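K.L.:
With these hints in hand, go ahead and build the complete structure from the sequences.
Listed here are the chains, written in short residue letters.
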Amino acid sequence: MLSCKEASVLLSLSQEQPVGWRARAGLRLHLMLCRGCRNFRLQLDMIRAAIRRFRDDDTPR
Amino acid sequence: MTSPGEQDIQQHRAYLMRYALLQLRNQEVAEDVVQETLLAALQGLAGFSGNSSQRTWLTGILKHKIIDVMRRKAREQPLTINDDESEADAIDAIFSANGHWQQPPANWGDPAKSLEDSKFREMFEICCRVMPERTARAFMMREVMEMSTKEICKELKITQANLWVILHRARLSLRACLEIKWFGTRTN
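In the order they appear, the protein sequences are chains E and L.
The opening position of the first sequence corresponds to residue 901 in my numbering, with each subsequent residue numbered one higher.
The opening position of the second sequence corresponds to residue 1335 in my numbering, with each subsequent residue numbered one higher.
Honestly, the hints are just simulated from the structure, not real lab data.
Predicted model only: the values in this text are computed from it and were never measured.
A couple of the hints might just be wrong.
Straight-line distance between alpha carbons at most 27 Å, and here's what the computed DSS-like set of lysine-lysine pairs gives [what the hints assert, rightly or not]:
| no. | chain 1 | residue 1 | chain 2 | residue 2 |
| --- | --- | --- | --- | --- |
| 1 | L | K1515 | E | K905 |
| 2 | L | K1407 | L | K1397 |
| 3 | L | K1484 | L | K1399 |
| 4 | L | K1484 | E | K905 |
| 5 | L | K1397 | L | K1488 |
Examples of chain L residues toward chain E, derived with CB under 7 Å [said to hold, decoys possible]:
| no. | residue |
| --- | --- |
| 6 | G1433 |
| 7 | N1441 |
| 8 | L1449 |
Cβ coordinates follow ideal geometry from the N, Cα and C atoms, glycine included.
P.N.:
Rendered as structure tokens:
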């Protein structure tokens, strides 16, 4: 079973490139059981979306 | 395609400024590169391939200018060698000895709503600004300039493994900062 530390590395890495099937399977199992890491995954997506949004958003502030 | 008029180009200035600021985190330097970019565009110094939009074209010029600035900075102020170890230590500190989160990430609620919130944006910018220089440089190359990890490694002269650690660290510290500054103080 992956630790949160290991799972977080894989989640971060997934932002760069697809991870192998073994890692993916381990991650899926971990995420089923771990709310913190599920939240972390959503936060990573949100951080990426936020940066692109702030970069591209043309509405005056 | 005719070359863009001055008015068209000025309309892109705000966009280029945001782009440069996210990457360079310095108002003056950002203004300089945007100015240089617009000048190059107006003088038609950079070739324009007709199938990309003006913004894409300008962004392409801007990227080169930003990378030039970063190269210059790297020469003047080389990154210290013990940084990698401190990155790893900082990651270790976020987890307990058995690999659990010291502070498990919380549920941030509806992302769409937060992205609309100007307060979130303000906190996001603050949290980006407190990132260490080297971390921010690599992270923004990845997220703002959307460079591949391969390109970034080449540019920063680091290994893939180094870069993964830096990016991971950047995300961990950014999310921790946001959770404290934004989600922690939010009243639901």
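K.L.:
The structure should be examined with respect to each hint, and the outcome stated for every one.
P.N.:
Against the structure, the hints come out as follows:
1. A C-alpha spacing of about 23 Å is found between K1515(L) and K905(E), which places the hinted pair at or below 27 Å, so the restraint holds.
2. Of the pairs offered as hints, the one joining K1407(L) and K1397(L) holds, with about 15 Å between alpha carbons and a cut-off of 27 Å not exceeded.
3. Restraint check for K1484(L) and K1399(L): satisfied, since their Cα atoms lie roughly 20 Å apart, inside the 27 Å limit.
4. Between the alpha carbons of K1484(L) and K905(E) the distance comes to roughly 25 Å, so the proposed pair stays at or under 27 Å and holds.
5. With a C-alpha separation of about 15 Å, the suggested pair K1397(L) and K1488(L) falls inside the 27 Å cut-off, and the hint holds.
6. The beta carbon of G1433(L) comes within 3 Å of a beta carbon in chain E, closer than 7 Å, and the hint placing it at the interface holds.
7. Because the closest C-beta pair between N1441(L) and chain E is about 5 Å apart, less than 7 Å, the hint holds.
8. For L1449(L), the shortest C-beta to C-beta distance to chain E is roughly 5 Å, which falls under 7 Å, so the interface hint holds.
Checked against the numbered hints above, the structure breaks none of them.
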